[in-house]
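J.: Residue strings, one per chain:
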Amino acid sequence: MRNIFLFIRRYFNFLFFLALQVLALSFLFRYNRYHEAAFMSVASEITGSVNTRYNTVEYYFKLKKANESLVQENVHLRELLRSNYQGADTTRQLVVDSIRVDSLVLDQKYFYRDAKVVGSFVTTQTNFFTLHRGLNQGVNVDMGVIGPRGVVGRIVNVSSNFSTVMTMLSRQFKVDAKLKTSGDRGTVSWDGISPQFVQMRNIPKNVKINKGDSVITSELSSIFPANILVGTVDTVVNDPSTNFLTLRLRSATNFSTVQHVYIVQNKQLEEQRMLEANTRKTNE
Amino acid sequence: MNDLLKNIFRFFAFILVQVYILHKIPPLHRFIVPYLYFLYVLWLPFSLGRTWLMIVAFVYGLSLDYFLLTPGLHAAACVLIAYVRPFLVNILIRQEGAEQSYGAPSIHSMGLAPYSLFVLVLTLLHHGYLVFLEWMEFGNFWYFLGKVGATTAVSLLLILITELLFYRKERYRTNTA
Numbered sequence: 001m002r003n004i005f006l007f008i009r010r011y012f013n014f015l016f017f018l019a020l021q022v023l024a025l026s027f028l029f030r031y032n033r034y035h036e037a038a039f040m041s042v043a044s045e046i047t048g049s050v051n052t053r054y055n056t057v058e059y060y061f062k063l064k065k066a067n068e069s070l071v072q073e074n075v076h077l078r079e080l081l082r083s084n085y086q087g088a089d090t091t092r093q094l095v096v097d098s099i100r101v102d103s104l105v106l107d108q109k110y111f112y113r114d115a116k117v118v119g120s121f122v123t124t125q126t127n128f129f130t131l132h133r134g135l136n137q138g139v140n141v142d143m144g145v146i147g148p149r150g151v152v153g154r155i156v157n158v159s160s161n162f163s164t165v166m167t168m169l170s171r172q173f174k175v176d177a178k179l180k181t182s183g184d185r186g187t188v189s190w191d192g193i194s195p196q197f198v199q200m201r202n203i204p205k206n207v208k209i210n211k212g213d214s215v216i217t218s219e220l221s222s223i224f225p226a227n228i229l230v231g232t233v234d235t236v237v238n239d240p241s242t243n244f245l246t247l248r249l250r251s252a253t254n255f256s257t258v259q260h261v262y263i264v265q266n267k268q269l270e271e272q273r274m275l276e277a278n279t280r281k282t283n284e
Numbered sequence: 001m002n003d004l005l006k007n008i009f010r011f012f013a014f015i016l017v018q019v020y021i022l023h024k025i026p027p028l029h030r031f032i033v034p035y036l037y038f039l040y041v042l043w044l045p046f047s048l049g050r051t052w053l054m055i056v057a058f059v060y061g062l063s064l065d066y067f068l069l070t071p072g073l074h075a076a077a078c079v080l081i082a083y084v085r086p087f088l089v090n091i092l093i094r095q096e097g098a099e100q101s102y103g104a105p106s107i108h109s110m111g112l113a114p115y116s117l118f119v120l121v122l123t124l125l126h127h128g129y130l131v132f133l134e135w136m137e138f139g140n141f142w143y144f145l146g147k148v149g150a151t152t153a154v155s156l157l158l159i160l161i162t163e164l165l166f167y168r169k170e171r172y173r174t175n176t177a
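Each protein sequence line maps, in turn, to chains A and B.
Terminal number for the first sequence in my numbering: 284, no gaps in between.
Terminal number for the second sequence in my numbering: 177, no gaps in between.
Any given hint might turn out to be false.
To be verified - Below, a sample of chain A positions facing chain B; criterion: calculated Cβ distance under 8 Å:
hint, residue
1, F27
2, L28
3, Y31
4, A37
5, P195
Hints were generated in silico from the structure; no laboratory data involved.
All values reported here derive from a predicted model rather than from experimental measurement.
No residue lacks a Cβ here, since even glycine has one placed at the ideal position from N, Cα and C.
Using the sequences and the accompanying hints, generate a full structural model.
T.: Encoded structure:
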């Protein structure tokens, strides 16, 4: 017994070093897998409020770009208005969708909340945004985040007034997408090289692809509504060893300037997840 | 200024500079991440015991981690350099008893060549460990080598600039004072 104490005393520093390393690494691996860490909610309240202060200055310099992208989005939405469409002759008839207004709220699958980006990084291998919206405002983990131009990321952490978004520029982020022209589906993820480009995998080789083709979210991605722009095709990489193409996409969102985003809540996600989990259970 | 106050001030200053200036620089290349924050651990006074050195480094690294949302990554690297630092100081110190005579590691207290070596070794260790942790998840060997090399070069440049801008003149301590 005495020898054990002597041993601990002799190598106290080394043991203490090992203990701190284990603690730090357990934080890291736990966060990488489950995105939770000790004191995370307290810490993100503090870092969030510091970020907000910094952002009041930074926002001023990015106002022009933020305005531009919001105006573009407005133009896009205005073009969808019914009053813009009128057939020149009577053989073609414009049919108006007949959703009743009072049932709209009940049937609404996706619910949008606006949010301000107060902290953002694009320099590392896993990039996160901090949004000034949290649990108190109804934000929860696993909601999708889209910007004025397209997909941004997914909420991974919430505290009472702030939330953190894992952006598309993270190694672990994946979104199910499809080509707008042919409808072929693939997975979009980031290879960590350039913050302007993301990769789309598993596109069959027989599909005809042109530079500049749009890639949009598919119906399979449960956290994003379908047909949200992910990016446009920049180059097609042909890997002879597989039957699939890899596309390099120019991401629709400019991650270093985006200031306003929308948090998307899928109101039927819970039901869908439960059903899928039950199916998996019965088939095992 | 009091040593404790000075170090508390540095604690916040280094973190804010790292988070809001160096990490806001638009990415030049995926290998280049400008790191300067760990200079705080290098500048901690000699009088701090090894255990306390590691505790301070851990808390310091973790507070940076909460800003950058990588809990544990920088803390682990900081603890490593805090653990190795006393060994290096013992090997590299110029004369007997310099630890008692001077406050903290600097060009003035250690001499230019030993201090440069001290900074180089700890920077390499820090980046090596940091990128190694990243490498375990993804990347290949060339990614590891390239990133450690490029990041170390950028860090050394930043440290040189910092040392020139904030020249720390350590006064010689005597028993009478």
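J.: Could you run down the list of hints and mark each one as holding or not?
T.: Hint-by-hint comparison with the structure:
Restraint check, F27 (chain A) versus chain B: the minimum CB separation of about 3 Å is within 8 Å; hint holds. A cut of 8 Å between beta carbons decides the hint on L28 (chain A): the least distance to chain B is about 3 Å, and the hint holds. Hint on Y31 (chain A) holds. Least Cβ distance to chain B is approximately 5 Å, under the 8 Å limit. Using the Cβ-Cβ criterion of 8 Å, the hint placing A37 (chain A) at the interface with chain B is satisfied: the shortest such distance is roughly 4 Å.
For P195 (chain A), the suggested interface contact is upheld, since its CB lies about 6 Å from the closest CB of chain B, less than 8 Å.
Of the hints listed earlier, there is not a single one the structure fails to meet.
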